[in-house]
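Peer 1: All chains should be modelled from the sequences, with the hints used to inform the complete structure.
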Amino acid sequence: MIQVEKQTKIKVDKISLSFGGAMVLTDIELDIKDNEICAIIGPNGSGKTCLLNCISGFYKPQQGQIIYKGKNLIGLPPHKITTMGIGRTFQNLELFTGLSTLDNLRAARHLFIKSGLLASSIYFGPAHHEEIKHMRVVEEIIDFLEIEPIRNRIVGDLPYGLRKRVELGRALALEPEVLLVDEPMAGMNLEEKEDLTRFLLDIHMGTEFGYESEFLNRGVKCIVLVEHDMGVVMDIAERITVFDFGRKIAEGTPNEIRGDERVINAYLGEEI
Amino acid sequence: MNNKSNFTAVGEEYPTLPSYLARNYLIWGDKVALRQKDFGIWHEYTWKQVYEMSKNFGLGMLSIGLKKGDKVCIIGDNEVETYVAAYGLYGVGAVIVGIWVDALPDEVVYYLTDSESRFAIVRDQEQVDKMLTIKNKVPQIEKVIWWEPKGMAAPEYKNNPWIMGFNDVSELGRKYDQEHPGTFEECIKQVLPSDSANMYYTSGTTGAAKGVVRSHSAQIYMRKLLNLYYPLNLGDDCHSMIQFASIGEPITGSTANLLNGAVINFPESPDTTEVDLREIAPRFHSLTPRFYEEIASKMRVRIESAGALKRWVFNLMLPIGYKVAQYEIENRPLPVWWRILKWIAWWTAFRPNLDKCGLLKIKYCTNSGFVLGAHTFRFYRAIGIDMREFYASTEIPIIATHVKGHNIKVGSLGEIVVSVEVRLADNGELYIRGPHLFDEYYRKPDKTASAIDSNGWYHSGDAVYIDDDGYIFYIDRVTELASLSSGQKYSPQGIEAQMRFGAYIKDCWILGEGKDYVTAIITIDFDSVSKWAERHHVPFTTMIDLSQKDEVANLVLKDIIRVNSGLPPATRIKKFAIFHKEFDPDEAELTRSRKLRREYMYKKYKDIADGIYSDNDVIQVSAEFSYADGTKDIVTANVKIRKVPGEQE
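Residue numbers (this note's numbering), protein chains in the order written: chain U, 1155 to 1426; chain Z, -15 to 633.
What the hints contain is simulated information worked out from the structure, not anything from laboratory work.
A quick note: this is a predicted structure, and the numbers were derived from the prediction, not measured.
Hints are not guaranteed to be accurate.
Claimed, not checked - Taking CB as the label site, the calculated pair distances span:
| no. | chain 1 | residue 1 | chain 2 | residue 2 | range |
| --- | --- | --- | --- | --- | --- |
| 1 | Z | G219 | U | I1276 | 33 to 43 Å |
| 2 | Z | G219 | U | F1278 | 28 to 38 Å |
| 3 | Z | I287 | U | F1278 | 41 to 51 Å |
| 4 | U | N1306 | Z | D511 | 30 to 40 Å |
| 5 | Z | R578 | U | P1232 | 58 to 68 Å |
| 6 | U | L1355 | Z | P123 | 32 to 42 Å |
| 7 | U | N1343 | Z | A358 | 38 to 48 Å |
| 8 | U | G1199 | Z | D511 | 43 to 53 Å |
| 9 | U | M1359 | Z | E126 | 28 to 38 Å |
| 10 | Z | K51 | U | G1406 | 51 to 61 Å |
| 11 | U | F1250 | Z | R295 | 46 to 56 Å |
| 12 | U | F1278 | Z | W26 | 20 to 30 Å |
| 13 | Z | V387 | U | F1278 | 46 to 56 Å |
Glycine included, each C-beta is placed from N, C-alpha and C at the ideal position.
Peer 2: Here it is in structure tokens:
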């Protein structure tokens, strides 16, 4: 196996977040590294999703900084962070339920569109070519995630498992360098979990299907996975960080985490 | 060996399938040959491209060791690569052995071993994995070639020399062509009309599956016969869903493509077929009853769930469709008034529905495999589709069909086609002879000898009845037939299946073996009959009570009369009884797949089985049955025996 250098991609530096008097994240320090699937686990309410929200710009931590590409992300609006190469999915699915799968994915390409309002309205020349280029990317994502049969279905009518896949597709359409995935396995049956795990691994490793979209062939090298399903986490994550009550209580490889006393206590409870 | 020397006049100029490929390259070079949906867009492949791709693949196979006459199996859904591979293999004289995609590993081992295949061409990772699990059992397979790259990047595939990519083979072929130009063309010339082109495995319900070998001339003759009844033109869109494992494939696929220049369209994936079919709008469908029934029922569901106005219009127009269809079935000229109504019905009700299910541009629909239920058959004709029966088998595809412009007898398989000879054996079996007969069962000379006699007659194993106008009615497989005391053969299962088409009939038990006439013991469908009874104010208490009502008997009688009208007079149902309970697999009366266990039934219900032939009007039937907790009880009921009016015993 080839050893790849794992440089820090996102550095979370002592961030703290509170809502009123409630501390949800306390002095979190975390190095999210390139070429790695990093998982964040922890009981409900331990602050996992809050961390993702801080990275993607939805929440503003009161203290600390999040360094990505030499810049502090705190204070930047979410759409700016997205253009910097951080894509994400949501735990509770934030899709346009009235639009088709295709349109949901196309909407995500919005930030790459260079043609102005006028050129797009006339839809001639460059705007036309640009649209074709983006459609190709979207179609390659559809092909990759095997959602051809639901291409023109309204997302609101789709079963939950497929909607999750569409959301993953939308995150991919942003051509992210870092992909934040929030509880992708929640509410899925075994088969859907297996499929999604496979997709996540393929996204990470890149494909050799000969797509025109370079990012699909190359893969998204840095994936942050927030997940409850221990089976999935232990199988695919290379490094796991454990949260409890807004604090980081452990960090290590799946094997180290499996035997960690604090993790067992956090998950199973302590004897009184 | 069969007597095919009588039929040598296969298109002299283009005697083989690859010679048609070469012809099409020359005369239709820039015309579209194949169309594949990929990334949401239809991609077109011209004959030039298809020829080049086939050439590269065929030569690539030569360079990895293929010899003329070798068997190569193909496992995969129909896509451009499937056809390119097939045409390339035809070109270098290989024989294509089609295997169903969902064949179990053991079945694949049997097909590969029996056919002595040296190479396997498979679609995807799933099939490659299947091949890897059986690798030790098929040592004669030299290479497995895949074409769908998804999942194939893993090192266990990449580093395995047994496995090779389609593109790599084509690349070898391209280099081979540069070094030896003209080889492919030379190979095409060396293929003879009598050389084997395809091998199809029969289903093997009786004993081991047999490989039906069909030559180039047999395949070409088949298409030429089809062209007399279902002509296709250059550029006509076709859709080929049937895999190379079935004789259905060349009927709508390869031969239509090669001989007629019809464009074969491939959906994006099997899951998108329904949506893609609407865009394809094929000209010709050749499917089995199951598919037609599915399409029809989906159409009905769509109508039921449509808005009130649309539903009202459709239901208003449907009777017009049936009336017009009746004129067409009887081949009577359509009065002007009906022509106007037909036009209105077509534009307001039928056209939009046909468009939704991809049948808008259809020229002909043929049904084969089993006779389509009369209801469904008439429904299709009513909504404006030229639905026709088509009698075919792998050994001799196209035996009989309904002919345009002739009277259509619903329930028949149509008339014998041109250049096919038939003869009825003493036991009612149909013997057939024709130019498109298969060559042999591969490596089974004894089976071949018993199927094709010294005079070239193929013993079909089908018992049929040919009426005075020359229409063929399928009865059953000869081995499934029963006979009356007069020696008259009839098909209990065939009649039972026909009876079950009735909406109020659940099961039917046909009696008559060794008796003077045929009788039926029928079980009603309690759900639908009880609803009917409520609607028509027929009071009843239990199933036993309901089953013996005269009103219910009259309901069932309609179906008996319908079924009788399609039977030879001697084997029509003369008497019937409606059973007081449903037949039940838990009582071992049916198998789990709901087949009647005749011998057991005869033992258990001897009273009524014999009683129905007596002069009694009522038979007391008592039978033991078990409750769910295992306790047993005996139920006794008086079952009325009824005569079918108009039928003499």
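Peer 1: So, for every hint listed, does it hold in this structure?
Peer 2: Hint check results:
no., hint, in the structure
1, Z:G219 - U:I1276: 33 to 43 Å, "35 Å, holds"
2, Z:G219 - U:F1278: 28 to 38 Å, "31 Å, holds"
3, Z:I287 - U:F1278: 41 to 51 Å, "42 Å, holds"
4, U:N1306 - Z:D511: 30 to 40 Å, "37 Å, holds"
5, Z:R578 - U:P1232: 58 to 68 Å, "59 Å, holds"
6, U:L1355 - Z:P123: 32 to 42 Å, "34 Å, holds"
7, U:N1343 - Z:A358: 38 to 48 Å, "42 Å, holds"
8, U:G1199 - Z:D511: 43 to 53 Å, "51 Å, holds"
9, U:M1359 - Z:E126: 28 to 38 Å, "31 Å, holds"
10, Z:K51 - U:G1406: 51 to 61 Å, "59 Å, holds"
11, U:F1250 - Z:R295: 46 to 56 Å, "32 Å, violated"
12, U:F1278 - Z:W26: 20 to 30 Å, "23 Å, holds"
13, Z:V387 - U:F1278: 46 to 56 Å, "54 Å, holds"
Of the hints listed earlier, the one the structure fails to meet is number 11.
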